[in-house]
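Engineer: Sequence:
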Amino acid sequence: NKRHDINEGVDVHDLKTSFEKWNFVKLAKPLIGVSILIVVVGLVILYIFKLNLGIDFSSGTRVDFQSKQAITQQKVEQVVKDSGLKADQIQINGKDNKVATVQFKDDLTRAQDNKLSDNIKSKFGDTPQINTVSPIIGQELAKNAMLALIYASIGII
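So for the sequence shown, our numbering puts the first residue at 1; every next one is plus one.
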């Protein structure tokens with residue numbers, strides 16, 4: 001990088017810079033093509049494998065509760081069965097397996113909620129937190145999430 005005197009009459013556009021190694025304009029079309037290809041491949045994969053939507057985006061009921069002693073899968077299954085229900089997913093977690101989450105793909109009625117809540121309280125000593133997402137809200141959330149994904153993809157391109 002040689003310094004030039006202003007009186008030399010050298011035009012500023014004729015000066016050499018370290019950025020002349022890269023022709024960014026020449027690379028624009030291939031890079032846009034790669035971006036579009038990545039988005040298309042991602043959309044094809046989404047179409048083929050579908051999204052495994054959680055309860056927030058589909059619909060159903062989620063029941064969370066804790067216990068003072070360790071919870072086992074069998075105990076939770078039995079409490080759910082005693083309530084006249086069948087869980088779609090049961091997760092045991094937390095420190096020393098003292099927290100459980102039970103998910104149902106269907107919305108539980110008020111009577112089913114109450115019966116399950118009473119059975120959990122009598123067996124585990126904790127009043128469960130029961131959350132239900134209606135199909136309409138789930139569809140709206142899923143639609144908004146997909147729109148956000150599309151807008152973000154367009155923004156990346």
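A couple of the hints might just be wrong.
Simulated crosslink set (DSBU-like; lysine-lysine; CA at most 30 Å straight-line) [stated by the list, open to error]: (1) Lys68 with Lys115; (2) Lys75 with Lys115; (3) Lys98 with Lys123; (4) Lys123 with Lys81.
If you are wondering where the hints come from, they were derived from the structure by calculation, not from laboratory data.
Engineer: Of all the hints given earlier, name the ones this structure violates by number, lowest first.
Structural biologist: none
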